[in-house]
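Work out the full structure: start from the sequences and follow the hints.
These protein sequence lines map, in sequence, to chains A and B. No gaps in the numbering here: position 404 of the first sequence is 404 in the working numbering, and each next residue is one more. No gaps in the numbering here: position 189 of the second sequence is 189 in the working numbering, and each next residue is one more.
Just so you know, the hints here were simulated from the structure itself, not pulled from any lab data. Ideal placement from N, C-alpha and C gives every residue a C-beta, glycine not left out. It cannot be assumed that every hint is accurate.
What the hints assert, rightly or not - Distance windows between CB atoms, simulated: (1) A:393 to B:365: 28 to 38 Å; (2) B:372 to A:353: 53 to 63 Å; (3) A:230 to B:222: 37 to 47 Å.
Here's the letter readout for the chains.
Number of protein chains: 2
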Amino acid sequence: MNELTGACVFAQSGGPTAVINASALGVIRTALDTGCITRVLGAAYGIKGVLDDKLYDMGSEETDELELLRNTPASALGSCRYKLANPEADATDYNRILEIFKKYNVRYFFYNGGNDSMDTCNKISKFMQTAGYECRVIGVPKTIDNDLYGTDHCPGFGSAAKYIATSCAEMWHDAHVYDTGMITVVEIMGRHAGWLAGSAALAGLTGCGPDLIYLPETDFDMDRFVQDVSDIYEKTGKCIVAVSEGIHYADGRFVSEAEVSATDGFGHAQLGGLASKLAHIVKMKTGAKVRGIELSLLQRCSSHTASLTDVNEAFQAGKTAVEAAVAGATDKMVAFRCTRGADGYRCETVLEPLEIVANVEKKVPREWINAAGNGVEQPFIDYVLPLIQGEAKVPMEMSLPRFARLKKVLATP
Amino acid sequence: MNELTGACVFAQSGGPTAVINASALGVIRTALDTGCITRVLGAAYGIKGVLDDKLYDMGSEETDELELLRNTPASALGSCRYKLANPEADATDYNRILEIFKKYNVRYFFYNGGNDSMDTCNKISKFMQTAGYECRVIGVPKTIDNDLYGTDHCPGFGSAAKYIATSCAEMWHDAHVYDTGMITVVEIMGRHAGWLAGSAALAGLTGCGPDLIYLPETDFDMDRFVQDVSDIYEKTGKCIVAVSEGIHYADGRFVSEAEVSATDGFGHAQLGGLASKLAHIVKMKTGAKVRGIELSLLQRCSSHTASLTDVNEAFQAGKTAVEAAVAGATDKMVAFRCTRGADGYRCETVLEPLEIVANVEKKVPREWINAAGNGVEQPFIDYVLPLIQGEAKVPMEMSLPRFARLKKVLATP
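Put into structure tokens, the structure is as follows:
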């Protein structure tokens, strides 16, 4: 038995998701219940909390209140977007982290984040090894964009997909209330990968999906887009289009940054988002009544449409991280290995080496997008559908969501 | 007993809500189960369906499918925004309606809509009386804006309020993820009345509400607004502001139409909505990181945050309309009379004369808004809170909402 006794630090990183705190609970609850982990410290605002020596004593929190983390959206301990330099270039932050780890006898570090965070984990772990300080480092995956390499999918994605599909189905109904023509452009998150935009297609399973979906994995062609939309609009008087915020031209320019309004020939940057810009262009060319809708940040913080599958898997990912580290693992990311066979969807947590996963983006396979580049194919549907299953029930108070209210007591050594 | 045998026509009008089809079910189900109503006809796209002789035979629908209307958002029979002229000015449409009513022996007309629709009901009823054609006309109230006079509140409002409060609570969490400064401006529906914008305050009951709320019942002052926001931002580094889309200057101009971007000195109309315009202005003056969010049409079609109280009341309003008409009532609107006393919230359906309710807008009482005009007082909270109670459970299929799929069989006489 490879028993290592000491404190653990848990930190959240990067953008929030609807289930990021379910992972936090998985780590915190499991760590609090583990004998060899002497203290559970939560970093205030991610890795900055470690650098600033601002660590919360998670043992001070009420059990019932911690449990509410399960359905609380958006990084409850706070987060930051801070990418550590290469230690060879500048070891300042690493030395500081080591100093803090020594101060609190931290022997376990759990970092919950996306690509950049797995890179950070990797660098920290290597540094600790070089410094001869024993510390087990495990990354817990997270991102609504679903672009982490090495795992079937990421916690956070299933709930965002469920939000998008549900909202699209509702908006479809709204769009069909009047018998007058209407073109709706819906902007969905996802700067580099189209996992989220593609999820709009799930609404099509109940007959209420968008007519066209544009993902960033294919080059965007404005003329082709307008033609696609016009063709459908001519036939039915309606068209609903989902676009990823990351759609770009063949030369790489993001459409959202490249486009100026046809009415503003001076090249002044528009305040409107991508959806309203595209809606405007379509209006100029077709004369149709149009509207642009930005799904906005509710895609990543809507706990009321969280997928129960996602919540449970996010929790499990955190739990597995702690159990694996206590059993001796380090330099790993918890990943999901899944099958979608005749006996249904199965998901198990495994460990992947951090070097493999860090800094590689996983995009939607080209063959999962249709030839025309304006829709997704059945394999995409088969892949996403199991991830949105089940409705997570948010505890309510006065019929308003009852989210976790942590005391956040700062620890002293 | 005042028994009147004949067909009934039910039509939906104006903008949709999350519970408009619960009212439809209340009318349709009750009418189908009533012996003296020989046939239940649903107008395709509102009053236009009557004018175009496009009426669906609701008796052709499956009972189970009709039941799904209860949780299906957005006018399932279709709607239109068509205001009939005064019959003295132009009786064409009225003559046509009478012709259609005679063709199908329609003796009951139920019209589900807001202000304009109650006016339409009134005009149609008077015309039928003048023409000597017996037809009982009852209006069923509807609007997310909650501005119908003569009723405690309107079906549709409670669910929209619940959506807004829930979303604001979630966005509050998202806004507090990073320790860097952030000002969030949230745009909420409501062109003339601030019932919806004020509902954002409910999120404050759980400590996650906006700092400032601006309703259209008070005049907007841009300098005062920027000062209010800056003051809070200076103190805490965060500020969340909710604004009604209908905020206007003292001279009556809507802020959304009056404002041009500070970067665009040429007066070119911006594509961005009110939220992004205000966010931009605040950014110019404070240098803060800002974001503008439009809650958009999900406020009116989000079935997944529908209030069970609202669903039940909407259904009851439809049911009462039919029962009252069969018992002899006409020229009435179903209204809610409510008490919020020591024994809790009570709501009963009553009948109000159509003349009283038509064309009068009910706004938020000035004394329910704070003196500074940037928040609401306790009476507002006490008024709205009972309306959002209970979570309506939407039937799911593959964990996607299972909405009603009507056959929509056109009737022949």
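Each hint, compared with the structure:
The beta-carbon spacing between residue 393 (chain A) and residue 365 (chain B), approximately 36 Å, falls within the hinted interval of 28 to 38 Å. One distance hint, 53 to 63 Å for the beta-carbon pair residue 372 (chain B) and residue 353 (chain A), holds here, with the actual separation near 58 Å. Look at residue 230 (chain A) against residue 222 (chain B): about 40 Å separates their beta carbons, and that is inside 37 to 47 Å.
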